[in-house]
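Asks: Quick note on numbering: the sequence shown equals residues -31 to -1, 1 to 995 in mature numbering (1 follows the signal peptide of the UniProt record, and there is no 0).
In short, the hints are calculated from the structure, not lab data.
A couple of the hints might just be wrong.
[Unchecked claim] Under the rule of at most 25 angstroms between Cα atoms (straight-line distance), these lysine-lysine pairs were calculated in the DSS-like manner: (1) Lys930 / Lys617; (2) Lys910 / Lys848; (3) Lys448 / Lys311; (4) Lys491 / Lys809; (5) Lys910 / Lys994; (6) Lys325 / Lys311; (7) Lys930 / Lys855; (8) Lys482 / Lys504; (9) Lys910 / Lys529; (10) Lys930 / Lys910; (11) Lys504 / Lys706; (12) Lys809 / Lys489; (13) Lys534 / Lys489; (14) Lys502 / Lys695; (15) Lys311 / Lys446; (16) Lys848 / Lys930; (17) Lys753 / Lys493; (18) Lys695 / Lys493; (19) Lys529 / Lys489; (20) Lys446 / Lys588; (21) Lys695 / Lys809; (22) Lys245 / Lys229; (23) Lys910 / Lys823; (24) Lys491 / Lys695; (25) Lys229 / Lys249; (26) Lys493 / Lys529; (27) Lys534 / Lys491.
All values derive from a computational prediction rather than experimental measurement.
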Amino acid sequence: MGLKKLKFFTFWSVSIWVFVVLSLSMNFVQCQDVNDYDQVDNPAVLPFVTTVVNARLSNLTNVLSKDISDQASFCIKDQEAEWNKAFNFSSNLDFLASCIQQTQGSIMRRVCTAAEAKFYFDMFFKSSNANALRPNRNCNLTSWVSGCEPGWACRVGPNEQVDIENSRVIPSRTTDCQPCCAGFFCPRGLTCMIPCPLGSHCPSATLNTQTGLCEPYNYQLPPGQPNHTCGGANIWADIRTSSEVFCSAGSYCPTTVQEKPCSSGHYCRTGSTSEKRCFKLTSCNSNTSTQDLHAYGAMLIAATVTLLLIIYNCSDQVLTTRERRLAKTREAAARSARETVKARQRWKAAKNAAKKHASGLQTHISQRFSFKKATKHPDEELKILDETNFETDEHLYSPVHMSTSSESLSSSAPSSGQQIEPGNSMQMMHEIEDESDNYDAFDVGSHDRKSKGQTTKGKKPHTHSQIFKYAYAQIEKEKAQQQDNTDLTFSGVVSMATNPEMRKRPLIEVSFKDLTLTLKGKEKHLLRCVTGKIKPGRITAVMGPSGAGKTTFISALAGKAMGCKMTGLILINGKNESIRSYRKIIGYVPQDDIVHGNLTVEENLWFNAKCRLPAHFPKPDKVLVVERVIESLGLQMVRDSLVGTVEKRGISGGQRKRVNVGLEMVMEPSLLILDEPTSGLDSASSLQLLRALRHEALEGVNICMVLHQPSYSLFQMFDDLVLLAKGGFTVYHGSAKKAEQYFAGLGIHVPDRVNPPDHFIDILEGIVKPTQSSAVNYKELPVKWMLHNGYPVPPDLQQTAARIATPSSSPAPINGTSPLHAGTEETSFAGELWQDIRSKVEIHRDSIRHNLLKYKDLSRRRTPGVLWQYRYFLGRLCKQRMREAKVQATDYLILLLAGACLGTIAKTGEENFGAVGYTYTIIAVSLLCKIAALRSFSLDKLQYWRESASGMSSLAYFLAKDTVDHFNTVIKPVVYLSMFFFFTNPRSSFAENYTVLLCLVYCVTGIGYAFAIFFQPGPAQLVSKI
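Start from the sequences and build out the full structure, keeping to the hints where you can.
Replies: Encoded structure:
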């Protein structure tokens, strides 16, 4: 019971004491307005008074926070957090307690109201000069008390109420002027005090008698006032204007009146409120303002270089190992296929020999023995061989290694002095038959020869070994068929043409009637009145002298003629449809070898095959197509070699030309148009190329090609001939074998030992004149062809046609003018310039229309979609970038040097926060990254136009380019900052600098893309530097 009373008494005692203290503090707060200062020195009351004053100052700063944040919102991320860092004095209120005692409790009558603080900061933000305040109520020309001097302040009169949150009216404050308290600053022109933000050092000033300045500040005592002393701080503004107010570098200020030196192992920047620990591996002595980060920069460079080396080397090793394994598998499959062919040949030889021997043995036995004898001779089992029905030889192919069977076949072949063992022969026959059954399992997509309704046996090939065996078995079979067909005789051609596996492609016949092309702007005829057709399954050669319009003719057939006005008709399979609607099954081989030089031969062909063959095409058949093209074009030895560029040597020019043709052959076109495919090739390579094209023609492909002076053996391989004269007129269009007969009818005979196409072109050039017995003029040959076929003659050639139709008329002189070659009227320089401008504008407009217009797809071929093509483009670009490691390394090295130079020159100062260095950084990084981004679309622009014209997705191409360039977007800021950041050591963190540079590099890369797309390489580089 006594314990409970004691606890009750203690509780009430403490409560009464707290009440008394709070009452005293409230009395003080009330008494400060009535000039009652007796309780300020009371140690029990002072902490409570200090807390109340701090609360009122917090209210003042909260009123000002909105105005200041509106002025400086661009550099304030978290307004509340930043405000607390500057004006939250709750951790140490000693300077407030000291000021309360110094002012005898009138501190709140000396602190600036919201109106006075706004007056000061408005002048600071508007004029950037806090030393020149406008006249106000207390400080003007008629009223200038000592409190208006720098470092001094006055108090409000005793009879005037102070509303510290009033932001409109400046109170009258001219009495009891005293020096400004430590921790506050009193600007010149105001008679109030403003608390210094944290990070400042605002002690009371002392007079330096030598300089006459109030140190550590830069103001002097007013003249004529000997009793005036130095006060407190006089200004707080930016560090350029008031650097003396900020806590000095190498020291930290926990309060605004206390400055401590930075200890060893720590560093303190200007304006620090606490010391920061230095990183490991850095040396920080006492009074250090920054830490030395060069070691970390070197470590970051080493880590970045190591990472890049690992990425490039590992990727290269993976690609090399994969290619090596595929090459071994491919060689093993090819070897197996060749051995299978040899085994087949041995088996046929053994079978024929066995049949011949069995027939002779049967005749010999029939002469001596009766056929009714009950016992059978073992040799009679060989009659099974005669009774076996072999429908085709394709079942003798086997992709399985047959070395054992081959040895058995060779050892079992009959020879003189040896006896035939029927058991071994039959066993050997069954082994080959079993292996032929195994081959059927690899025959994907083909119909069984034995019955149309029977499905193929076995599983589809899925491993690399099985796929290559299937492909090479098919290739060897095709070679054997060509050999068996006696070098493509008439019967052989018929048998191959009627093979159900050969005709898989849709047929395209292109006919043209009165086709005329006129150059826009200049009204110059490039092609005139061309009529005829090119047929599927035939090779058409387009020949003529230079300037005859051969390339223009095939460009018009392919729908690629730009800057020209076309009249006449081009019919596709008898229908008036755009040729571009069939672009997915049309192959166009340009005259220039537009091939990716940083890819191998096989990679170039494979990419086209994957993007342009049907999406449902099985992989074994794709492998077969690519291997067949490589085999037929003779590219086996260079399949793994880089094609090369002008700067970096690769394969030979002839091989490059064959790769250029192979890019269109691997997509299995129905119409194949080639512009001078044999230029740069020797006779053997040209003959090999024509044989490959002949094989394509046997599959129903319509082939049209431009040639210059082919050899006689090549000329014999053409089915049709289109001969053009200068001016774009047709001289002959028909069977190549009947060309000599037609010209002989005109009196133009080909001399002995002269190649017919060479003679015809020399005639059209005017180099060789017709014989004297011929009354024909080479300039009249186009009109003769029109009259011969009954084509309409243009009005400007009617006179020539009438003269030809009248035998009595004398021929026109050869050297005279004719409507076919009449010169155009001479125009002035201004006229020619205007025509050139119009022509270029028309070509540019047609190019835009050609690339942007969409056509209905009538090819019925569904190629891979955008996502699959994006995957293929991405894989190709990764390989190309891996092989351009030196170029990437050069870019990174330039960025490293730029970062080192700018980091050394542009030191980060406290006055500008490194603004000069960042300005140089923006210029340097933007320029370097923009120029590097130009390479993404400038270097392979020709390749892009070719691929886009064939139907490949432009969106997939762009997305793949952008995705691969993201690697540089991520790495380049790290490379640059590894030098710049650790040389300048700015206040901002590495992550913040990296984020800004990442956004910068991404933006300028997009700008570089735009310049590369819309400008040529030279102007694009110039525009990038502006």
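Asks: Each hint: holds or not?
Replies: Status of each hint after checking the structure:
For the suggested pair Lys930 and Lys617, the alpha carbons sit about 23 angstroms apart, so the restraint of at most 25 angstroms is met. Taking the CA atoms of Lys910 and Lys848, the gap is near 18 angstroms; set against the 25 angstroms cutoff, the hint holds. With a CA separation close to 13 angstroms, the supplied pair Lys448 and Lys311 stays within the 25 angstroms bound. Taking the CA atoms of Lys491 and Lys809, the gap is near 10 angstroms; set against the 25 angstroms cutoff, the hint holds.
For the hint pairing Lys910 with Lys994, the CA-to-CA distance comes to about 21 angstroms; that is within 25 angstroms, so the pair holds. The suggested pairing of Lys325 with Lys311 holds, with an alpha-carbon distance near 21 angstroms, which does not exceed 25 angstroms. For the proposed pair Lys930 and Lys855, the alpha carbon gap of about 19 angstroms is at most 25 angstroms, so the pair holds. Between Lys482 and Lys504 the alpha-carbon distance is near 15 angstroms, which keeps this suggested pair within the 25 angstroms criterion.
As the CA atoms of Lys910 and Lys529 are separated by approximately 17 angstroms, the hinted pair is consistent with the 25 angstroms bound. Taking the CA atoms of Lys930 and Lys910, the gap is about 12 angstroms. The hint holds against a cut of 25 angstroms. Restraint check for Lys504 and Lys706: the C-alpha separation of about 16 angstroms stays at or below 25 angstroms, so the hint holds. Between Lys809 and Lys489, the direct Cα distance comes to roughly 9 angstroms. Compliance with the 25 angstroms bound is thereby established for this hinted pair.
Proposed proximity of Lys534 and Lys489 is supported: the alpha carbons are some 6 angstroms apart, at most 25 angstroms. Between the alpha carbons of Lys502 and Lys695 the distance comes to roughly 20 angstroms, so the proposed pair stays at or under 25 angstroms and holds. Note on Lys311 and Lys446: the hinted pairing holds, with a Cα-Cα distance of about 12 angstroms set against a maximum of 25 angstroms. Our distance criterion of 25 angstroms between C-alpha atoms is met by Lys848 and Lys930, whose separation comes to about 12 angstroms.
Between the alpha carbons of Lys753 and Lys493 the distance comes to roughly 23 angstroms, so the proposed pair stays at or under 25 angstroms and holds. A distance of roughly 13 angstroms separates the Cα atoms of Lys695 and Lys493; the hinted pair therefore holds under the 25 angstroms criterion. Restraint check: the Cα-Cα separation between Lys529 and Lys489 comes to about 15 angstroms, which is no more than 25 angstroms; the hinted pair holds. Pair hint Lys446 plus Lys588 holds up; C-alpha atoms about 19 angstroms apart against a cutoff of 25 angstroms.
Taking the CA atoms of Lys695 and Lys809, the gap is near 24 angstroms; set against the 25 angstroms cutoff, the hint holds. At roughly 13 angstroms between alpha-carbon atoms, Lys245 and Lys229 fall within 25 angstroms of each other, so this suggested pair holds. Between the alpha carbons of Lys910 and Lys823 the distance comes to roughly 21 angstroms, so the proposed pair stays at or under 25 angstroms and holds. For the given pair, Lys491 sits about 18 angstroms from Lys695 by alpha-carbon distance, which is consistent with the 25 angstroms threshold.
Of the pairs offered as hints, the one joining Lys229 and Lys249 holds, with about 23 angstroms between alpha carbons and a cut-off of 25 angstroms not exceeded. Between Lys493 and Lys529 the alpha-carbon distance is near 18 angstroms, which keeps this suggested pair within the 25 angstroms criterion. About 11 angstroms separates the Cα atoms of Lys534 and Lys491, which keeps this hinted pair within 25 angstroms; it holds.
The structure agrees with every numbered hint stated previously.
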